[in-house]
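Q: Listed here are the chains, written in short residue letters.
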Amino acid sequence: MRTVTIRRISQGFFLALFTWLVIVTAWGDAPWQLRGWPVEAFLQFDPLIALATTLATGVLYAGLAWALVTMALTVVFGRFFCGWVCPFGTLHQALGWLGRSVRPGQAVRANQPHPAQALKYHILAFLLAASAGDAFVLASRSAADAPRWLFPMVATGLAAATFFALAQALRHRGRAAMATALLLATFLALGRLLPYNGIVTSSVQVGLLDPIALLTRSVALIALPLGDRSTHFLYSAPRFTQGAWLIGAVVVAALLANLVVPRFYCRFLCPLGALLGLLSRNALWRIGQSPASACTACKLCERDCEGACEPSGRIRSPECVLCMNCTGPCEPGILAYRTRVSEAGERALPDVSRRGVVLSLASGFLAVPMVRLAGRSGPDWHAALVRPPGSLPEDDFLDRCVKCGLCMRVCPTGVLQPAGVQGGLETLWTPILNNRIGSSGCQLNCIACGDVCPTGAIRPFTLDEKLGRGSHQTAGPLRMGTAFIDPGRCLPFAMDRPCIVCQEVCPVSPKAIYWRPRLVPVRDGLREVIVVDGDAVRVTDPPMVAGRYGSGDYRCRVPGRDDLAPRRITGNMSNTLYLEPGDWGDAASPGGSILVEAVLQAPYVDPDHCTGCGICEHDCPVRGVPAIRVTAESESRHPAHTLTRVIGPPRSTP
Amino acid sequence: MARLARPTSPAERSVAALLLLVLFGIAGAVLWLQADFPPDKYRATPAAGGTVPSRPDAVPLPVPDGATALSAPETFDARTLADKINGRAELYLANGFVSLRCRRFTPHDAPGDWVEACAYDMGTFPHAFAVFGTQRRRDAVGLPEAGPHAYRTSQALFVAHDRHYLEVIASSPSPAAMTLAQDFVQAFLRDHPANGGQVAEASLFPLEGARADTLVLLGVNAFGSPDLDHVFTMRYDVDGVEVTAFLSRRTDDAQALALANGWADMLLRYGAQARTPPADIPGSRALAVLGLYETVFAVGPVLAGVHEAPDPGAADVVALRLYQALVAARPQGAAGAPEPAEDL
Amino acid sequence: MNDPRIGRREWLQRAARAGASIAAVGGLGWALHGRNLPSPGPMAPPGHVFPDWSIPDAPPRLAIVTGRDRVETLHRALAALGGIERFIRPGDRVVVKPNIGFATPAELGATSHPDVVRALVRRCVAAGAASVVVTDYPVNDPDSTFELTGIAQATREAGGRVVLPREDRFRNATLGGAQLIRDWPILAQPFDGVTKVIGLCPVKDHVRSGATLTLKNWYGLLGGRRNLFHQQIHDIIAELAMLVRPTLSILDGTRSMMTNGPTGGSQGDLKDTLTLIAGTDPVAVDAFGATLLDRRPEDIPWLAKAAAAGAGTTDWASLNPIRVAVD
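First to last, the sequence lines map onto chains C, P and X. Sequential numbering of the first sequence, starting at 1145, is according to this note's numbering. Sequential numbering of the second sequence, starting at 2, is according to this note's numbering. Sequential numbering of the third sequence, starting at 88, is according to this note's numbering.
Misleading hints may appear alongside valid ones.
[Said to hold, decoys possible] In silico DMTMM-like pairs for lysine to aspartate or glutamate, Cα to Cα no more than 25 Å straight-line:
| no. | chain 1 | residue 1 | chain 2 | residue 2 |
| --- | --- | --- | --- | --- |
| 1 | P | K42 | C | D1173 |
| 2 | P | K42 | P | D84 |
| 3 | P | K85 | P | D41 |
| 4 | C | K1655 | C | D1668 |
| 5 | P | K42 | P | E91 |
| 6 | C | K1655 | C | D1750 |
| 7 | C | K1655 | P | D78 |
| 8 | C | K1655 | C | D1608 |
| 9 | X | K358 | X | D202 |
| 10 | P | K85 | C | D1608 |
| 11 | P | K42 | C | D1750 |
| 12 | X | K358 | X | D156 |
| 13 | P | K85 | P | E168 |
| 14 | X | K358 | X | E97 |
| 15 | P | K42 | C | D1640 |
| 16 | X | K358 | X | D144 |
| 17 | P | K85 | P | E75 |
| 18 | C | K1655 | P | D84 |
| 19 | P | K42 | P | D78 |
| 20 | X | K358 | X | E385 |
| 21 | P | K85 | C | D1173 |
[Unchecked claim] Label pairs and their computed distance ranges (CB to CB):
| no. | chain 1 | residue 1 | chain 2 | residue 2 | range |
| --- | --- | --- | --- | --- | --- |
| 22 | P | A30 | C | A1381 | 51 to 61 Å |
| 23 | C | A1619 | X | N347 | 16 to 26 Å |
| 24 | P | R44 | C | A1260 | 45 to 55 Å |
| 25 | C | G1620 | X | E159 | 53 to 63 Å |
| 26 | C | P1631 | X | S405 | 43 to 53 Å |
| 27 | C | G1172 | P | G225 | 40 to 50 Å |
| 28 | C | A1709 | P | M267 | 26 to 36 Å |
| 29 | C | H1316 | P | A30 | 52 to 62 Å |
| 30 | X | Q318 | C | G1704 | 40 to 50 Å |
| 31 | C | G1704 | P | T125 | 50 to 60 Å |
| 32 | C | L1294 | X | D228 | 40 to 50 Å |
| 33 | C | A1709 | X | S405 | 51 to 61 Å |
| 34 | C | T1300 | X | G121 | 30 to 40 Å |
No lab work stands behind these hints: they were computed from the structure. Source: prediction; values computed, not measured. Even for Gly, the Cβ is constructed at its ideal location relative to N, Cα and C.
Kindly generate the complete structure, drawing on both the sequences and the hints.
A: Right, here's the structure in full:
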């Protein structure tokens, strides 16, 4: 079997596996549900996610250690992941193949290296620098706190290394010395200031462009909800995705771009490809010519070259995705994947200027404090940023969430949705609760989101922990927020209509929503009696809406006669009220008056018991803007957002 | 475009085979992983409509020697019981059900067989006895080694013991499975020494003509009457006619009398015909309902009678025996015979 | 390149580098691998947040001085208690905590009067205090509040030092036995190494708590979202009484805010009550202060709670107060 065939099998296999794993991300133990399927596997084998979160948190979290395997294999074999495994790359390759020119010359031209291929390294530098703020703070803090002798030693070593690096880069010793001194002074100054200013920090944004996170998100939130509209296999109720257009636009644009340039995304944008390209620098096996003298310059090798890495000349090895499309067509048969460096020479480093990389690094590093200065994860936190239960505090959350959308896929109600930029730019596509869009709010007995999160942004939590029972009794339940009633929109408050749905659906015990009786005269409730006929009372205009008062929630009494029991209204026509049997004597007689009252149940929220699950908001009959809404007050992850400081039993007096 | 493909080299072929093996390996690993998840991961005890305090005191189940547990113990409470035994849950709930714990075991020497042991915590022995007695199987065979309230069928064991009611059901009537079931019962009895598991009312029934192992406690809603609870029944054989006698100890004489009258009046309302009561039982009432015969009376605080006897003569015989037994059992200070009830 | 030996050497070098980078990445990954996620840091351990600044083994004393000039009444009150020297010894490091809650002019009586701050700081300096710090955490913007009330200037004129409530001057603390002051930011740094503390407060109506008096005045040491404590205002004042045991409490009732407290806003809210109280028992000082607002101590629940917590007695008369009248 030829290598290209096996490569295609491998790509098909991994694409199918990837799709299947996203499909089975549904809570349950049926074969098509979560069971033990390793649904986070592709994300866990992704070195970019591992590297960025480790930079930001100092911890290579749990299953993300599998990325070390990918890294090691890449160091040995090159970018096999891009050409053989990556499901996004497979889609690009397939579409690129569809769009390729039938004329060999044009196909070859489409696969020539382009200076814009450097862009992905800049994206990588920007994203990693944005993730590295905390690592930098940690380094400068430990430098500041290190023993006296350690710091000068480390500083001298760093300074020397910087000087030599800069001298090589700038090709000017004087300038290099000056720049080194400047950097050292900045580092020393920052070492004193940074640890305590709380603004230089990390933000993991690799999820925006990481191909695995991007494709997981796109399949989970766009492809599956769209595809299932007619099959109803996955969702019994139609599933919606808030802000779907942007997620969809990104993936569709990335896919369509292949019709212009094959593997457009991989060549120009993919930060994971850039990282793997750098890792493959010392690959033990690589594509190369031998003997170079036999090359006929037919360029057939570049007709289907996926990486645009120029195998016909000095191969750009960081761009090579090991598609093996060059070895087959090579007329003299000199191109092969072997241990020797190409005799035609190779470019082992990406074609980027150091200056540009420094610029990208600096921009990424500085972008985070600038975005954070908006205070969105501080005092100006957004009330709508209601995170799933088990979410870490916002700063820690943004150090981990890679926007993959697995939590939203597994959420049984679809209440978890990709956020927009309410909580600052960084919150784009991170999970929040949208109680309007799902089939319900957050389900009381569900722990699915914490179970699938690959990075621990939503930490794994148990049902006992979520419900605050067993050993978690003192800590209480995990709260996402608190429901607030809007009396201006709530039917019993604003419109004298009975309702109390919110109290009924409140799932916690004791219920967080309770009601107090509210007795109010209805509009034009005081009416003159025209005729009394048994239990029917004919009253003056204005005409009433027939049946309005027959619901059992309305009653009638004789004003000024508190000694007479009010009588429930059993029905009404435009000018007639039918009352339950009662004995008013002749208190209500023609010329007298009666008063129609509504007996309402007005809902109230007890903040001690509300967990912010949002089921009340979802089921509120006032759908446009629900009359009861959950905001992030009292969320467990931020003790400072508490509404009440619950105190224990009274102090015993000394 | 047609171009002769270069023949693949042996090295290429073996690499291809190796890579295919790797893919197969990955597929196998994924398939293996998907089956590997904690058994109770998707069965965590939920809070049905509220936060239910967990019950760490649910009945612990022993693992019998020579057996392996097939699953983690499952625990059900009043809110979730219907998930396990949908349809029968009402019987347990009406009889003071506290918790249910189930687990499956397989014997080492017959791995294909298994038994499922279900231990119902009913709160008190009478409750356990009630659910034990009302569900007695037709093919029941006594099981004296598990105590007086235990029997076996071809494929299961049933035991009322202290506050517990055990059902141990085997996957097949095989000796291996049934031995394991017995072992489980013995281990359970060892772990839960009984303290007070007798039914005082059992001794009030006359022995003459009584059929063995027919004592049943109807906890609530006995004979379809919402007023009758805690009613014991026992079946008697009178010349081949089966007659059910019942008795129920009430709080005082007046209540017993009122219930007796209430029961008779209710039958009358539903179309029963009064008939001549047995003369030897003062204050008794006798009725005929659709060809079945009822007798009811009170002896002190004890309500008693005969229910749905197919023959009036047999009904009167058993009623009289029951009356005499109850009178004999009355404390001496209580004036020997019950006070005649004038208003009956 | 065509020499296979060169190729082999190059390959070996490459293999070494590859091996080294795998080892480095793997080792680092191994070292950093874990399942630990950030958990909320440990709660500040319960204990004494502040030392007891009261003068030990001295019976509680109370002076009630009537008069129109608050500087004169202050001097008389200090004299009645045995002179400032009884409380401030040479070398003492002193904090004076006035009420600097709102950015309003002194005439509106919403804050401590700068004249009395100036006089008190001068007396402390004159008694040989090594340092006199004036601090508070205002409700309004700190910088402008200190200046607008005139207290910053008065302090500087008297030789004291103004310490603004900068973020880094708060420390999370848990008061032993407290239910509310648990792991809560306290304006603690200005009190580091301090040996004497004087509370200085005007007499004000306070809608939620009943009255702003010297104990309520310690609310100014609470940081964070302290307005949460308004849900349990009486409990928090009792805990503040446990938190701070001052050397001396001075209540300036020369002109009291009778209504619309604690901000007032008009002269109509103020009334000449012409009394200044100083004492070592803050509960007794405040209990008498309540009478200036025409309230009984029983009407103010936090007074009883503070007394129950052991901060003093509401029966101010039992201290045999020294009464002085200035004409």
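Q: Run every hint past the structure and note whether it holds.
A: Against the structure, the hints come out as follows:
| no. | hint | verdict |
| --- | --- | --- |
| 1 | P:K42 <-> C:D1173 | 9 Å, holds |
| 2 | P:K42 <-> P:D84 | 17 Å, holds |
| 3 | P:K85 <-> P:D41 | 15 Å, holds |
| 4 | C:K1655 <-> C:D1668 | 35 Å, violated |
| 5 | P:K42 <-> P:E91 | 28 Å, violated |
| 6 | C:K1655 <-> C:D1750 | 8 Å, holds |
| 7 | C:K1655 <-> P:D78 | 20 Å, holds |
| 8 | C:K1655 <-> C:D1608 | 18 Å, holds |
| 9 | X:K358 <-> X:D202 | 18 Å, holds |
| 10 | P:K85 <-> C:D1608 | 21 Å, holds |
| 11 | P:K42 <-> C:D1750 | 32 Å, violated |
| 12 | X:K358 <-> X:D156 | 14 Å, holds |
| 13 | P:K85 <-> P:E168 | 13 Å, holds |
| 14 | X:K358 <-> X:E97 | 95 Å, violated |
| 15 | P:K42 <-> C:D1640 | 47 Å, violated |
| 16 | X:K358 <-> X:D144 | 37 Å, violated |
| 17 | P:K85 <-> P:E75 | 10 Å, holds |
| 18 | C:K1655 <-> P:D84 | 24 Å, holds |
| 19 | P:K42 <-> P:D78 | 18 Å, holds |
| 20 | X:K358 <-> X:E385 | 22 Å, holds |
| 21 | P:K85 <-> C:D1173 | 18 Å, holds |
| 22 | P:A30 <-> C:A1381: 51 to 61 Å | 35 Å, violated |
| 23 | C:A1619 <-> X:N347: 16 to 26 Å | 42 Å, violated |
| 24 | P:R44 <-> C:A1260: 45 to 55 Å | 54 Å, holds |
| 25 | C:G1620 <-> X:E159: 53 to 63 Å | 56 Å, holds |
| 26 | C:P1631 <-> X:S405: 43 to 53 Å | 51 Å, holds |
| 27 | C:G1172 <-> P:G225: 40 to 50 Å | 42 Å, holds |
| 28 | C:A1709 <-> P:M267: 26 to 36 Å | 35 Å, holds |
| 29 | C:H1316 <-> P:A30: 52 to 62 Å | 55 Å, holds |
| 30 | X:Q318 <-> C:G1704: 40 to 50 Å | 42 Å, holds |
| 31 | C:G1704 <-> P:T125: 50 to 60 Å | 58 Å, holds |
| 32 | C:L1294 <-> X:D228: 40 to 50 Å | 43 Å, holds |
| 33 | C:A1709 <-> X:S405: 51 to 61 Å | 59 Å, holds |
| 34 | C:T1300 <-> X:G121: 30 to 40 Å | 32 Å, holds |
Violated hints, in rising order: 4, 5, 11, 14, 15, 16, 22, 23; the structure is consistent with all others.
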